[in-house]
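Chains as they are written, first to last, in this note's numbering: chain S, 649 to 967; chain R, 649 to 967; chain G, 649 to 967; chain Z, 649 to 967.
The hints are simulated quantities; they were obtained by calculation from the structure and are not laboratory data. Backbone N, C-alpha and C fix where the C-beta goes; we use that ideal spot for every residue, glycine too. Worth double-checking, as some hints may not be accurate.
Derived SDA-like pairs: lysine to any residue, alpha-carbon spacing no greater than 25 Å straight-line [as the list claims (entries may be wrong)]:
no., chain 1, residue 1, chain 2, residue 2
1, S, Lys-852, S, Phe-888
2, S, Lys-952, G, Val-940
3, S, Lys-883, R, Arg-720
Here chain R is said to cover these stretches of chain S; the calculated rule only asks that three of the stretch's residues, wherever they fall, bring their Cβ under 8 Å from a Cβ of chain R [unchecked claim]:
no., region
4, 714 to 721
5, 788 to 799
6, 807 to 814
7, 883 to 896
4 protein chains.
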Amino acid sequence: MKRVGILTSGGDAPGMNAAIRAVTRSAIYNSLEVIGFRRGYEGLLDGDVVPLSVSSVGGIIHRGGTMLRTARSERFIKPEGVREGLQRLKEYDIDALVVIGGDGSFRGAYDLHKLGFPVVGIPGTIDNDMAGTDCTIGFDTACNTALQCIEKLRDTASSHERLFLVEVMGRNAGFLALEAAVAAGAEHVLIPEVPFDMDALCKKLHYARERGKSHSLIIVAEGVMSASELQSRLKDTGGFDARIIVLGHIQRGGSPSSFDAVLASRLGGGAVDALLKGEFGTMVGRIAGQIVASPIQASWEDKKNLDSDMLALVDILGI
Amino acid sequence: MKRVGILTSGGDAPGMNAAIRAVTRSAIYNSLEVIGFRRGYEGLLDGDVVPLSVSSVGGIIHRGGTMLRTARSERFIKPEGVREGLQRLKEYDIDALVVIGGDGSFRGAYDLHKLGFPVVGIPGTIDNDMAGTDCTIGFDTACNTALQCIEKLRDTASSHERLFLVEVMGRNAGFLALEAAVAAGAEHVLIPEVPFDMDALCKKLHYARERGKSHSLIIVAEGVMSASELQSRLKDTGGFDARIIVLGHIQRGGSPSSFDAVLASRLGGGAVDALLKGEFGTMVGRIAGQIVASPIQASWEDKKNLDSDMLALVDILGI
Amino acid sequence: MKRVGILTSGGDAPGMNAAIRAVTRSAIYNSLEVIGFRRGYEGLLDGDVVPLSVSSVGGIIHRGGTMLRTARSERFIKPEGVREGLQRLKEYDIDALVVIGGDGSFRGAYDLHKLGFPVVGIPGTIDNDMAGTDCTIGFDTACNTALQCIEKLRDTASSHERLFLVEVMGRNAGFLALEAAVAAGAEHVLIPEVPFDMDALCKKLHYARERGKSHSLIIVAEGVMSASELQSRLKDTGGFDARIIVLGHIQRGGSPSSFDAVLASRLGGGAVDALLKGEFGTMVGRIAGQIVASPIQASWEDKKNLDSDMLALVDILGI
Amino acid sequence: MKRVGILTSGGDAPGMNAAIRAVTRSAIYNSLEVIGFRRGYEGLLDGDVVPLSVSSVGGIIHRGGTMLRTARSERFIKPEGVREGLQRLKEYDIDALVVIGGDGSFRGAYDLHKLGFPVVGIPGTIDNDMAGTDCTIGFDTACNTALQCIEKLRDTASSHERLFLVEVMGRNAGFLALEAAVAAGAEHVLIPEVPFDMDALCKKLHYARERGKSHSLIIVAEGVMSASELQSRLKDTGGFDARIIVLGHIQRGGSPSSFDAVLASRLGGGAVDALLKGEFGTMVGRIAGQIVASPIQASWEDKKNLDSDMLALVDILGI
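Next up, chain S with everything else stripped away, as it sits in the complex (with noise of 0.2 Å):
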């Protein structure tokens, strides 16, 4: 192996750019050339390519976003693009290809991989849905993202005893807004994982109501309704007037937390590692402390679950 492509795909997350120095650093410490595609698939199809060295990867850690820029590709979802992709890395000497992204830029990857070409992955996005590891890249920034945003909220909710819904992200899963959940200390949380049930949310916010509690914060993961829905139908339903907020892109940019920017920065480098071991149609991950390749295809197919108590302690701690 000479020659290493790398791309990021998909939305952006905080700590890609890590990613990006982690795995050019680590490929040139190995003796690897490293060439970056831009805007994900669509630079590989287009021939969009940048050679990267050791300082072309300096300063960038903190930043927030992606060097490489990213894109969803339209054309590479068919065979005839992903072949189209297979002939530009041969054309670019490529001999491996790392991608940076969520499930969707993995189909790619995966998709490479079974027409023989050697491609790592590495889990980046701030939903936390993939299997395979235990945090994805992104998902502790967008954690403490919404946390500060629900504090400055929370200073206005106490101070007008106000009812207030935020919505955060998280696409068909709950981990952001669990986890935000639980950090912030909000009274009540809906996520796509459990059936959202009307009734059971009004008589708690009564509940609250009658026992004094001036103010409460509901967090709506994305994937159960939008926040403007929930607040029609409190009001129909329970005749509860709350404000909203929707927390949107904010959760996604920012420079990486300290634990993002670690994590990245050994994914980057179990990526190299894997790479040069041959443990290919892989994606690295953090489970339990240390950095393993499972099949990528494993990220999607397999489920990963939600903590089983931090449902319970949204309850027990809200009260």
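Knowing the structure of chain S, use the given hints to seat chains R, G and Z on it.
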């Protein structure tokens, strides 16, 4: 003068607690007693009081929101409400009242003043839309909060090469939007003080796109239109596909910045000075570095102008 | 079991308040009463108590430090002190005690346990030097605080092309220094677990200088030597002119990160679970995502190892 | 005028990059070319130049430090150095020079001005010790950084009931120390503008202790003495046991606050305006909200006074 009342009213703003602390300690330093009313004029009418001591305001200087809580009072807008409030102030042996809030809160204070009751106002609102002071308490913190959120969006905007619309608060004024736009290096800003020109905006966006600018940030003050309305109109008129974020109540919370903690401390001390000098019916503000008491009604009757060079700067620096 | 005592002891750590809140609310949820002792074992001996309710722990989840205050107790190290503490616990009708702190605090708890009194420990220290848990409460926040400070230094270091030495806490362990070094992308790290080699360090610094590297950051754990001693030795041995910064107690304060707020909440809930199950003489920790109770003495008797790949990463990524 | 040079000199300050961006883009907007000199006057003498374009200053507005790097130049202090610098400016066809820095940097600019070369200064230093502007670029950010650090110390100070001494920067001036002391609600502040009285300080500390005050913060400006010297003297004179923290270079780094990003943008624009109007030999400052050009030598010849009420506030509010 022996006993001073204090309340916070209207929307909360970071630094209100620092002002409460400064009023309380300055008053006690000058051998006055201090009584707090909770939930603004509502608490005054309801007799919801709390005596304030040196230690009861310890440790609050950095807390967002207001320990006295706040509310908008429908009752106090009416003459009979004001008379009832005056009655309560006499029942509690209050000799003068300090009101921390925006222009709505000051109209209530002015009504008391016209009935002969000694009042002094401290301008506390993130909107900065009050004459008689270069800055209101909370404005600087809100600018920093908006800036930090926008910086995070910039990460994603530049990674995905997108157009983002950010709606910031400010009621009918553009101070917050304009400050945030210059601070964040936004490409465009829409404020109520400048007539909105859809064609001009679209032209600028097209021109930027032609020049290869991969992403743009537009800051829109809530007083112009909502971000979602602007999103629709940009789509309809110019075919632009924009993401939106509404910063909302996040801008109201958080620990006060150094600037706001100092401003609140100085204005709190200044309010007690004004009371001791018999400068009733005034608002204390900071003008060119000095603490100055002006007639309270000037705070909404006079026009506060935007810095003339700031608007031009957005165009010049956002190229 | 009807009444539970709780205290924080030793050095304070961010998240201790979140743990106090979680223990209190979980206990009350399970129909137990909760009594707090102020200033650690000192307050136990002095009978400095405060009953804790659902609302008295409201709003503390994000505050740094500990609402119960903390202290190191000389008296409680001696057998007669422990017996006196036991006496007090009986006087207050305490059926079990939850101790939040580091290994020194746990030795005291173990002494009570050996006298037959039910205790459960919650590991709270920024040093992370305790076995039986992947992370102690406060470690993640301290890493983030160190990272944020080091990032600011990096601005000046790169603007002035300088060598900076940063001394971080951690007592006799290098967890905090190593994590901060990887997170910050530091060029070198000195930790107590690795014998210090002055010649090797000077060689690396000379080599970096020859390669044109304009600035470098060295992280030194307080357990190795002080930054000022290292500064002198670098000057004497290699002629290097370095600036120093000692992060000091800044690392101990601040709002807990999302990770620490969640960890503290889970361990607080887990400590009450352990009490209810009769798992006395234990420490609750988080191992591979699960909340686990281990013998409390294992927290200092067992050896906790650094992640083996982290040290190598500093060399590989700091090139 | 066709081509403008720009350099940053002396200690770096947050917002210098925002000023570089504003000068560059304003100049280009006015059809001027912009050349940057790296490492201050050193780079001018060495011909270390970089052409600046609209895009080369993109994305730097929020970065700490200075992309042009900075240095103190021994050579440029001497007359022959200044003449050599003038020679270089002519070789590079530079028609005017913008210097961003403190008073040392401005003395160099003044020397060029006296030789007939057009210069304009932009005040950039965290010390705020320059007349002709209410605030220097970087001061507000440094105040916020100091405040955030001190807040963290306060957590530990109050948890452990301790006395903390915090040494802040400011050279021979007390602006930063005084602002931080009021913002942080410190109990005492020592600044160079006020003669130090050890007995008075000890009396205050004893009095606070008698009143049951469990912890105190003393802010000491580096221009008075070092924190460790004060620590020794407090021990020797009054028997006080204090912990110390030296904020050091942390105060120089970080992203500029909103205030500083706006100030830097306005002064950068103002500097180009001054050049176009032929106002050479000046420094642009912000006075009472207006951008004003004053003779550059006034920045160190005139005396800048502390706000008279601030010192009294520390005593009144720190009770």
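Run the structure past the numbered hints and jot down the numbers of the failing ones, going up. none
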